[in-house]
Amino acid sequence: MTLTSSAPVAPIEVHDLTVAYHHRPVLWDVDAAFPESKLIAVVGPNGAGKSTLIKAIMGLVPLASGEVRVFGKPVNETRRLVAYVPQRESVDWDFPTTALDVVLMGRYGHLSLFGRPRKRDREIARQSLEKVGMQDFAHRQISQLSGGQQQRVFLARALAQQTRVYLMDEPFAGVDAATEKAIVALLQELRAEGCTVVVVHHDLQSVPEYFDSVMLLNLRLVAFGDVESTFTPENLHKTYGGRLNLLTEVGEKLRRQEWNARQ
Amino acid sequence: MNDTTESLTMAAGALPPWLSFFTLPSINVRLVLAGCILLGLCAGVLGCFTFLRKRALLGDALSHAALPGVCTAFLLTGTKDPLIILAGAAVSCWLGAISVDLITRYTRCKEDSALGMVLSVYFAVGIMLLTSIQHSGNAAQSGLDKFLLGKAPSMLDRDVWTLSILSVIILGAVTLAYKEFKIISFDPGFALTVGLPVRLLEIVLATLIVMAVVVGIQAVGVVLMSAMLVTPAAAARYWTDRLGIMAILAGLFGALSGAAGAYISYLGPGMPTGPWMVIAVTSLFAISLLFAPLRGFVPRFNRVRRTRKKTAQENILRTLYVLGEKEDRLDAPCSETELLKYRPMRAGAFHATLAQLVRRGLITESPAGCFALTTQGAEKGAQLTRLHRLWELYLATKLDLAPDHVHDDAEEIEHIITPELEARLTAALANPGEDPHARRIPESHAAAQMGGQS
Chain A
0 MTLTSSAPVA PIEVHDLTVA YHHRPVLWDV DAAFPESKLI AVVGPNGAGK
50 STLIKAIMGL VPLASGEVRV FGKPVNETRR LVAYVPQRES VDWDFPTTAL
100 DVVLMGRYGH LSLFGRPRKR DREIARQSLE KVGMQDFAHR QISQLSGGQQ
150 QRVFLARALA QQTRVYLMDE PFAGVDAATE KAIVALLQEL RAEGCTVVVV
200 HHDLQSVPEY FDSVMLLNLR LVAFGDVEST FTPENLHKTY GGRLNLLTEV
250 GEKLRRQEWN ARQ
Chain B
0 MNDTTESLTM AAGALPPWLS FFTLPSINVR LVLAGCILLG LCAGVLGCFT
50 FLRKRALLGD ALSHAALPGV CTAFLLTGTK DPLIILAGAA VSCWLGAISV
100 DLITRYTRCK EDSALGMVLS VYFAVGIMLL TSIQHSGNAA QSGLDKFLLG
150 KAPSMLDRDV WTLSILSVII LGAVTLAYKE FKIISFDPGF ALTVGLPVRL
200 LEIVLATLIV MAVVVGIQAV GVVLMSAMLV TPAAAARYWT DRLGIMAILA
250 GLFGALSGAA GAYISYLGPG MPTGPWMVIA VTSLFAISLL FAPLRGFVPR
300 FNRVRRTRKK TAQENILRTL YVLGEKEDRL DAPCSETELL KYRPMRAGAF
350 HATLAQLVRR GLITESPAGC FALTTQGAEK GAQLTRLHRL WELYLATKLD
400 LAPDHVHDDA EEIEHIITPE LEARLTAALA NPGEDPHARR IPESHAAAQM
450 GGQS
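Sequence lines, in order, name chains A and B.
If you count the first sequence from 1, position 130 lands on 129 in numbering that gives the first Met the number 0, and the numbers rise without skipping.
If you count the second sequence from 1, position 309 lands on 308 in numbering that gives the first Met the number 0, and the numbers rise without skipping.
Derived from the structure by calculation, the hints contain no laboratory data.
Glycine included, C-beta positions come from ideal geometry on N, C-alpha and C.
Treat the hints with caution; some may be incorrect.
When the alpha-carbon atoms are kept at most 30 Å apart in a straight line, the in silico DSSO-like pairs for lysine-lysine are as follows [said to hold, decoys possible]:
#, chain 1, residue 1, chain 2, residue 2
1, A, K54, B, K178
2, A, K54, B, K309
3, A, K54, A, K37
Chain A is faced by these chain B residues, among others (derived, beta-carbon under 7 Å) [said to hold, decoys possible]:
#, residue
4, I182
5, V193
6, G194
7, W238
8, D240
9, R241
10, M245
11, I247
12, I416
13, P418
14, E421
15, T425
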């Protein structure tokens with residue numbers, strides 16, 4: 000594997016990435032370099048492996064093969080450079096804590112093990128809540144927030160990490176139109192600051208309006224590039240139209256065989 | 000260590016047992032009390048994290064898994080030294096935890112099945128070992144079976160010293176790693192992405208639970224230990240929405256139950272400590288369930304009852320107002336039959352509500368049994384009617400609902416509109432004069448007052 004560091008290093012580089020659940024690949028051989036200072040949409044049908052790709056990049060699911068590099072280094076060494084916004088349903092919102100406390104968790108990566116958040120961390124957390132328009136809810140118990148507000152709290156938590164790369168798993172799910180506009184403005188602000196933002200997105204209509212680049216995904220990488228050149232009817236048809244029967248069947252066979260040559 | 004010969008129930012002086020306990024008459028009483036309080040405290044605090052991680056059964060599985068360790072330690076060394084026995088318990092607890100982890104990781108079994116299997120198989124092995132030890136004729140073995148249901152009354156100072164050290168370690172570790180335990184309980188995936196050693200922290204947390212179990216089996220025994228881990232946390236959750244306060248409360252509840260268990264077992268020789276601790280902590284849970292201010296059943300019921308009472312009063316005020324409006328005389332008297340015609344209610348509730356309104360000076364009752372609004376009552380009735388008609392107008396104009404569809408909604412909403420919402424409604428509707436049925440909307444009470452002042 001040679002990933003030379005001579006060229007400007009991409010914020011995220013994914014090389015030959017395959018992810019399998021119970022030996023069945025759900026994502027095959029993805030090769031991609033995410034460009035800097037761009038808003039990038041990841042789109043594809045249900046079960047295409049969009050969330051899996053994000054999780055694989057974050058090191059949350061084991062890779063069957065391939066590798067992920069963040070600024071040219073393995074993820075384990077560069078965790079603090081990537082902020083992750085999980086799907087809202089991934090946690091129990093009845094947890095006894097406040098919105099501000101959740102946002103403060105975004106600072107934990109900057110604290111030493113067992114270290115307590117300082118005044119400055121609290122200040123950053125408060126500012127992050129303000130950026131998503133949630134400052135009035137700082138001391139609200141999180142189960143008392145609406146779905147859209149919870150989503151914004153997760154976003155604020157990622158902002159509090161103050162990093163250069165953001166991976167967001169459906170941040171617009173369950174969010175009203177006004178909030179969606181506000182979030183997009185926020186993402187554009189991040190881009191202006193030189194950040195790379197990767198967003199798993201469901202609404203195809205708004206892709207050209209919101210994003211610079213688009214990754215079309217359906218079990219494998221269909222296309223990846225500028226929205227103008229990539230977000231074409233042919234590519235969309237390749238992504239959404241027609242089932243990949245052969246790929247699915249082979250995957251199923253691998254699952255039954257319970258072994259995988261790549262392991 | 001001759002203090003063990005001291006009888007637990009020996010009265011200090013002439014005081015009756017229920018009082019003499021509080022003078023801590025003997026070293027033995029002090030030891031039992033200290034042991035039980037420490038156990039309750041540690042288990043309560045740690046239990047918060049297992050409770051929030053939805054692993055409440057883990058404590059149960061681990062405490063049952065301690066039994067084979069207790070027996071093996073005795074078989075290998077032939078002594079009942081607390082350090083050795085507890086070390087044995089810790090080792091087999093640990094093996095139990097690892098078994099659960101391996102089963103969930105490498106088989107199709109989910110965690111609850113793994114916990115169930117580990118709990119029963121370790122306990123079965125423990126009972127087999129215990130039975131064979133008891134039939135071996137070894138005189139030193141007597142008392143080993145106390146680990147099943149606890150042996151608080153026969154705790155020695157060495158036992159309590161061991162427990163104290165373990166408790167200091169447990170509470171110290173939780174204080175130190177509070178923020179880490181919090182985040183791995185709330186969102187372990189995110190914790191991993193910010194670079195926290197989640198796996199290591201989970202192992203540390205499991206080890207602390209093993210230690211709490213080891214503390215606990217001395218006093219309550221392996222069978223009942225899990226109640227001390229789960230119930231204080233479940234009770235504490237009713238009182239607060241903050242993890243820190245919840246942990247402190249759970250610790251207090253646990254300690255209190257421990258003290259209660261020690262106290263009750265002091266009162267009579269037939270009173271077992273461990274089971275009484277479980278009863279005490281469950282009583283605390285029941286009290287929380289019923290009376291905790293926000294989530295408790297009784298306060299919630301009272302809130303509903305208050306709302307119902309307020310709604311009934313407001314409904315009658317509004318009916319009187321609307322009837323008065325028709326006669327162009329707001330204090331027009333109205334008979335019970337007439338009122339009931341417009342506002343059907345159960346007779347009991349109806350009379351109670353009328354009496355409440357008379358008491359509050361909002362209506363008067365004439366000797367003929369008719370009711371009329373007082374000035375104050377008329378003001379209230381006007382305000383309610385205003386809110387009702389504002390809402391009707393809002394539904395009709397902003398939501399394009401037909402005017403004959405809006406009344407029922409407004410009947411409900413008029414009781415809950417705050418002055419702030421009223422101001423926004425007024426602004427949104429440009430301070431309207433008439434509702435969709437072309438009836439006059441009474442002026443805002445607050446606005447009228449302000450107008451009067453200027």
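Tested hints:
1. A/K54 x B/K178: Holds, at about 24 Å.
2. A/K54 x B/K309: With a Cα-Cα distance of about 53 Å, the restraint between A/K54 and B/K309 is violated, given a limit of 30 Å.
3. A/K54 x A/K37: holds (20 Å)
4. I182: Constraint on B/I182 satisfied, holds at 5 Å.
5. V193: Interface hint status for B/V193: holds (3 Å vs cutoff 7 Å).
6. G194: Cβ of B/G194 sits 4 Å from chain A, so the hint holds.
7. W238: With a closest approach of 10 Å, the B/W238 hint is violated.
8. D240: holds (4 Å)
9. R241: holds (6 Å)
10. M245: Holds: closest Cβ of chain A sits about 5 Å from B/M245, inside 7 Å.
11. I247: With Cβ-Cβ at 12 Å, over 7 Å, it is violated.
12. I416: violated (20 Å)
13. P418: violated (19 Å)
14. E421: violated (21 Å)
15. T425: violated (23 Å)
Checked against the numbered hints listed earlier, the structure breaks hints 2, 7, 11, 12, 13, 14 and 15; every other hint is satisfied.
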